[in-house]
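Engineer: Listed below are the residues making up each chain.
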Amino acid sequence: MAQAVGFFTDTTLCIGCKACEVACHQWNGLPALHGGQKPLTGNSYDNTGSFSHVDWRHVKFVEQFSADRGQAAWLMMSDVCKHCVDAPCLDVCPTGAIIRTEFDTVYIRERVCNGCRDCIAACPFGVIAISPSKHVAQKCTFCYDRLQAGRPPACAQACPTGSIQFGPIDVLHARAQARLAKLHAEGKPQARLYGADDSVLGGLRSFYLLMERPEVYGLPEAPLVPRRSVWKSALAGLVNAVLVALAALVAFRRRGREGQPGTSASRAGPDRGRLPVEPARVPPMSAAPDICPGPYGAERPGPP
Amino acid sequence: MSVPAADPHWRGWILAYFYLGGVAAGAYLLAGIAQLSDSRRHLPMIRTAHYLAAPLMAVCAGLLVIDLDHPLRFWHMLFDPISGRAVFKPWSPMSLGSWMLLVFGLFTAWSFLCALADDERLGLARLCKPLRWLRDTRLAWLVRGAGIACAFFIASYTGALLTATNQPVWSMSPLLAAVFCASSASTGAASVTLAARLRGDALPDVQWRWHRLERWLLMLEVASVLAWLYTIRSALPLLLRGSGTQLVAGATALLMLLPLLPEPRPLEPAVELPASWRAVTSLTAGLCLRYVVLWSAVAIR
Ligand code: SF4
Ligand code: SF4
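Chains as they are written, first to last, in the numbering used here: chain A, 1 to 304; chain B, 305 to 605.
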């Protein structure tokens, strides 16, 4: 396996220029939605709105004001697929279309995907979308083609401020720790790393330095690993399966020699001692002189 | 509520699949247990269940294929088109479910053929002999047990599938599998009792037993739903803020509780059966329940 790589996104350096979005569109041949005529979202400078089948990067803008609006903070963050170590999308994908590459990134094989959308339900970051023209799931490929050619991903190369840093994951982790220590020393205790350790989905190959709680940036605090819920669900289902089976066994159980004509049990009936009424179309099974087993493993009248 | 996870747009086809697949599995598993306990007296009910399960599963397969964005690639659920190897991920409910659907489909088809052969329809009388032989071997009991286990899986795994996501509400509780298991069983029982009435060839006391079971299963369903609601209690205020959701949730609760009302006068088990509306209501409740569960992840956004 080639060296594991990643992105370290230092949000304190992002200026919201969207060069990363443009580079991603250009390199991957992704068209603009609505022919480029995008309506204003009304959300600061964010006109991308969310990830989509053609928007694999999304620069988020968070405007914060104090109560008297005397103070303002403008948080920006270039968001992308996190290429999670315990990737929920990869976990659940039933076709095996989502794979882990030799660079430890998460990649969708378009030829295999059948558009079941399970990955969309599983991804906690809302990264994946279905292409209405290709009918398959789409997301950031970590510029797999460029990695194979030994080149950095287009977005990281285009980022003019060094907010998106690309490199071997160990190097990035060390760099992030140093940057965090520097910010703390500068009196910014609110600075934190998101996804650098294994607490979020076993670690994110695209991790972040944030200046606020993750939710402020629209990131989930504690996303779930789907496979961990499966055994609990199985157990819960099993408990009810046992109860259903017991109920059915009790409801269907034969009492004594009940149902055999000529016996007192049959005359006593199943519940409160009433004689079962012989239905019109049921053959008088036990009345038949010759009994042979039917396909249901039951006894049914034999040939005359 | 701002939810970072995107909506998978599992709507009408999936709702129909969850429901019909549950009914088919519920009917099949109860028929299997009836076969194990008292197959002779329950024969008409068992046959009715088998006549229901196979066509429903065929419809379900169609629904699942239609729901794919790339329907012609439905077989990718089982085989990798590039390597040609089987894809089997037991930790992914959808992958495991795809294989189990195939196996369960075979079980229901076999039982369907057996029912036809037993009724000596469609010239299948000739099939009777090998089928009888198959049924009489010790292996048959094993096969029957496997069929029941498969049906239990199909009845519950859709709940596990929803839990194994990062969607709001669905992922909050592992009890969805238990809810769907109970609901599948109760709707399965209701569908068999209704269909058996139409066929009219089952002993009334046997039908009575199925009705009684249907009632017990509905109670289990209500208890499971209450337990599930408890586990997602933190989301309830948000979930129930819209009048539309309140209405649907209220209607579902009503439909579930109505069939549990006591009979106006004691019925005679041997000759009288509870009114059909009870079975129709619990069947409708099962559909509404799945709608509410599927819709909850959208309604909370
Ligand atoms: S961020 Fe979403 S799409 Fe990317 S690897 Fe993680 S789960 Fe998959
Ligand atoms: S939509 Fe495609 S990539 Fe996503 S889970 Fe289904 S098959 Fe896998």
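One thing to keep in mind: the hints can contain errors.
Pairs of lysine to any residue, SDA-like flavour, derived with a Cα cap of 25 Å [what the hints assert, rightly or not]:
1) K393/B to H374/B
2) K393/B to L406/B
3) K393/B to K188/A
4) K232/A to K433/B
5) K393/B to A362/B
6) K232/A to G218/A
7) K433/B to L446/B
8) K393/B to S66/A
9) K188/A to S66/A
10) K134/A to G449/B
11) K393/B to R109/A
12) K134/A to H374/B
13) K393/B to L417/B
14) K134/A to P385/B
15) K134/A to I318/B
16) K38/A to A129/A
17) K134/A to K433/B
18) K232/A to G546/B
What the hints contain is simulated information worked out from the structure, not anything from laboratory work.
Engineer: Taking each numbered hint in turn, which are not upheld by the structure, reported in ascending numerical order?
Structural biologist: 3, 4, 6, 8, 10, 13, 17 and 18
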